[in-house]
Structure formats: structure tokens, C-alpha cells
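Using the hints, position chain B against chain A.
Keeping their order, the protein sequence lines are chains A and B.
Note that our numbering gives residue 167 to position 171 of the first sequence, counting from 1, and the numbers run on in steps of one.
Numbers in our numbering are just positions in the second sequence, counted from 1, shifted up by 738.
Please keep in mind that the hints were generated in silico from the structure rather than gathered at the bench.
Honestly, I wouldn't trust all of these hints.
[Stated by the list, open to error] If you anchor each label on the Cβ, the simulated ranges turn out as follows:
1. A:Leu16 <-> B:Gly894: 21 to 29 Å
2. A:Phe18 <-> B:Pro849: 49 to 57 Å
3. A:Asn67 <-> B:Leu1038: 54 to 62 Å
4. B:Leu889 <-> A:Leu50: 21 to 29 Å
5. B:Ile956 <-> A:Arg9: 19 to 27 Å
6. A:Arg5 <-> B:Ala855: 12 to 20 Å
7. B:Ile956 <-> A:Glu54: 54 to 62 Å
[As the list claims (entries may be wrong)] A few chain B positions that, by computed beta-carbon distances, are all more than 12 Å from chain A:
8. Leu799
9. Gly801
10. Asp806
11. Gly894
Where a beta carbon is used, it is the ideal one built from N, C-alpha and C, also for glycine.
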Amino acid sequence: MDHSSLASRVFRRIALALVLVFFMFPIVWIFLMSFQTNEQILRIPPRILFEPTLANYEALISGHLRTTAGNLEISFMRNLMNSFVLSSAAVLLALLLGVPAAYAFARFKFRLGETIAFTLLSFRFAPPLLVLLPLSLYYQQLGLNDTYFGIVWVYQLIALPLILWIVRGYFEDISPDIEHAYRLAGHSWREAFTRIAVPLAGPGIAAAGLLSFIFCWNNFVFALILASADKQPVTVGALAFVTASGIQYGQIAAAIVLSVTPTLLLALYAQRYLVEGLSLGAVKG
Amino acid sequence: MSMVQPLQTQALPRRAARLRGRILPYLLSLPALLVCIAILVPFVTAAIYSLQRYRLNLPYLRGFIGVDNYIDFLSDPAFWNTLRISLVYTALTVVLELLLGLGIAMLLRRPTRFHNAVSIVLLLPLMTAPAIAALMWKLMTNPSFGILSYLVSLFGAHDFKWASDPSTALFTVVLVDVWVYTPFIMILLLAGLRSLPRQPFEAAALDGVPASFVFFRITLPMLAPYIVTASLFRLLDSIQQFDIVYAMTQGGPGDRLMVFQVQAYLEFFQYTNVGRSAALLMILWLITNILSNIFIKNWLRLRARAHGHA
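For reference, chain A alone in the conformation it holds in the complex (with noise of 0.2 Å):
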């Protein structure tokens, strides 16, 4: 393929061009508008050059809008904070519980660990609505709606099978001798544990959390169905400030960058480990 004719280096120039376009070009044009003020939104046809202002972010981050309608008190920094706490509490929580297991999947062959690690694969692929239909009503009768603890316990069925399937891998991946031979030399279990197994798959560790921070702040449905407005992350709270705000367009582009810059920083930072990741450990990245 080194040998290609300038047609054909010239049509895959121009077909990865118009790939970049439509992939990019949603996100620097809602960047854009973010700097922009609702006129200069407004005008027809759009313009590329215009001077940009933070007024969008202000109004944002003092939690103001000046609508057309008048003033609206809108804390959309509150939701910012949310996504923050919930997303980092659950994977904080499901690394402490998921990587001693995925150690045990790993290292132990006993039928109960295949069973779990299966069903909850499987579960991965149910209708998320289908357990969390019923969990709100339980929910309810146990108090846990609309409380942070109930929020990063479902969040748990995101984060805890991502972490189990992709740290089990790299546990697999290390051989078993090592640790027998650091067992050998009179260290317990736990030591071989602590300060082998989990330093050598330290990378996996990482991927694996940072994967489910992206996931845990990119879902959608379970605040929407458990949690009110004062708990909500912001893939909910940016579409409750869409009809809130009306036709304030910057702030809301301005809203939308907020949300997603987190996670597009993460996913740059860890883009080597996405691959292996995403695919659950089925393609070496």
C-alpha cells in the first residue's frame, strides 16, 4: 500500500479531511458560540470572526442569568460539583471493592468468582431501566432516593464491572511465580498482594478508573430517574437548564463546553489505555 498512485493518495487525503470535519466541527462550533452573545448568535448568515466575550461563563459561574424574561437563579456550578463528587466517590468505592475481587477472579479459579464476573457482564448489556425501575421504588421505601450514598451505589454498576474485567486481565497477565516465589521468602498473602500483584498492574488499575470516571460522568438515565435538582450531575442538569434558560444560546453552549471539557481532558491524558478499555480487554490497545 506504500506504492499507491497520487489518485488514490489524493482521495485519501480528502476523505480524512471531510472525517476530521464532521467529527470536529460540532465541538469548536459549539466553543465558539460559547464566546458569543446572543445576537451575534442570532445573525444570519453566521460569522466565523466576531469578538469574543465571557459574559456566558460569568453568568455561569455567579450562577445569574439575565434572561429575557428577567433575572433566573440558576447554580449550574452546583451540577459541576455533583458530577465531581458522584463520579470520583463511586470510583474511589469500586476500585476498593473491584480490584481485590478481579485479584480473585484472577488468581483463583472457583466457580462463584466466574459466576459473578459473568453476570455481571451480562447485566452490562441488560436495559439499564430495567433494574433501575424497580431499584426507585425501592429506593424510596429505603430513603435512598435523591441521596449522594444511593447515587454512587448504582453508579456501581458501571464502574465495578469495567474495573473487575480490565484489572482481572492485566492480573492474568502477570505470572503467578512471582508471587509464589515473594510468598516463598515468608511474606503473607496480603503482602504479595500489596506490594507485587498491584504495582505490576498498576497501568490496568489506572485505565480502568479512569475509564469509569468518563463513564460514571457521561451517564444520563440513573440521576435522572434518582436524583432531584440539587443532586443532579450535569448531562442531567444541562438539559433541565436548556428549558430553564430559554433562549439564552451562549450560555447554554457555554454549559455544554463546561460539562464536557472534564472528560475530554481525561480521555486525551488516557487515550492509550481507551482501546483495551472500551472493548473490555477483547483488543489490545
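Frame of chain A, contents of chain B only:
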């Protein structure tokens, strides 16, 4: 993998150590087991609800009615609409994403610096929350100022209403799905392409075999396991799509985009008909369960190969 034999430690007598070694795996997987139970209990509950007449607004009518909820679907045009829309949506998104993803993966196949940079940048839509992606496209397709509305008006389509017109709503939502998820197929297939052995391609190049022959007779067959895994992955997610459809149109206009989960959500929260909602979700679960069994088998084979113990 061999089993780690419980080793004797100095502090513990042999028997206690062996016992500890035997219960250790169970102890470690206890939290995961708890999460499993936390999934299975609502799941069984949903299965029971689906056999009940259960409306939140009429609690005194609640009772066991066998499979009546399911039988009612047979004569319910809304159900057939949901089934049809879900299948059409799934078929359209998976086919388009597969073709586009495969094409892009072929373009980026050689691991040059530029190609790698492009493949990383293409991950960004995939890492955008789908609900937020829908909002981005809503802004771009807004009839009064949306850039896409403006662009199609340059081609004479002055009244193109995107997601709010029943005739173009499906197309618009599929477009957003394609934008978000094509990169998923692309990066899986790209990883697959780059892991293929080089010899067949080198031999074909030496013999001057035409590129189309190489693609259809060597590349595609060797890539098949990756294509199947990636498509099944998407198939399973696509038939359950909720975020994009809900954020974009809430199932509308009318019932144009009433896919399974959106319909079940509205059935539960708008019509408070828990029994019907549960039955609808059970049907969806049955479909996904069949697909996911096929998927898991395939995926395990690929996984064993990737980790070098096929």
C-alpha cells in the same frame, strides 16, 4: 492459570492457614457479590411487576394477572411501533457506523504520527456524554440560528426542521448516534487491523494482487472477529438507546422515535403503569440477552487471543 496454593506462614498453624486460603477468594469477591445481588433483586422484581396489574396512581387495583401485559402488546399498535422503530434505529446506526468506522480505520491503518493523532482526536465525540452531544446537535440544528439549518438553506432547503419534523427526526437522531459512536467501531477495528500478521499482505504486494482483492479476500476475513465483536457491542447498546433520543426529542415528534427504553420510561413516569413498563423492558431484555450470549462467546475468544492464551 494455576491456582495459588495457600502457603504456610510462620505466624499461623498450617490448618488455619489452609482454611484462610480457601475462604480468601470468597472474602475478596464478597463486595462484587453484593453488587450482583443489588442488580438481581430489582431484576427479579421487574419480572414480577411485569406479571401484575400495577399502576402507581391506582394501587388498590394491583394484582397478579399472569401474562396479560404481554398479551395486550400483541394487539397494541404502540408496541409494534416501538419494536419497529427500535429495530430500524438499531439497523441504521449499526450499519452506518460499521461502514464508516471500517472506512476510517482503513484510512488510518498505517501507524504514522499524523494518523495516530487523528485517531486520538476522533475519540472526542465518543467521550462526550451522549445526552450532551444531543444538546450540541440541537443547537446546531435550531431552525432560527443553527449552523446546519443555515448550511442546508444554502442548498435550497429553507424549511428543513431536523428533529422536529416527523419525516426527518429519525435521520437527525441517527446522525447524532453516528457522530458519537462511529469512533468506537473505528478504534476497535483499527486496533484489529494493526494486529493482523503482515505476511499475507507482503506476499500479495509482491505478487501484484489488486487492492480490492486484498481487501475482500484477505483483510475482511482476517478482520471478521473484530467486526463481529464491534458490531454486537454496538447492536446491544443501540437497541437500548435512551440518552440521545430522550435528550433530543423525548420520543417525538408524536411517537416517531418511541424506542423501547423511552417508551418504558414514559409508561412508568407519565402513565405510572409499572406493570406495562416492566413487561416492555422484559421483552427488550429477552432480545438483548440472546444477542449478548452470542456476543460474550465471541468476545471471550478475542480476549483470550489478545492476552496470549488462546
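Which numbered hints does this structure break?
2
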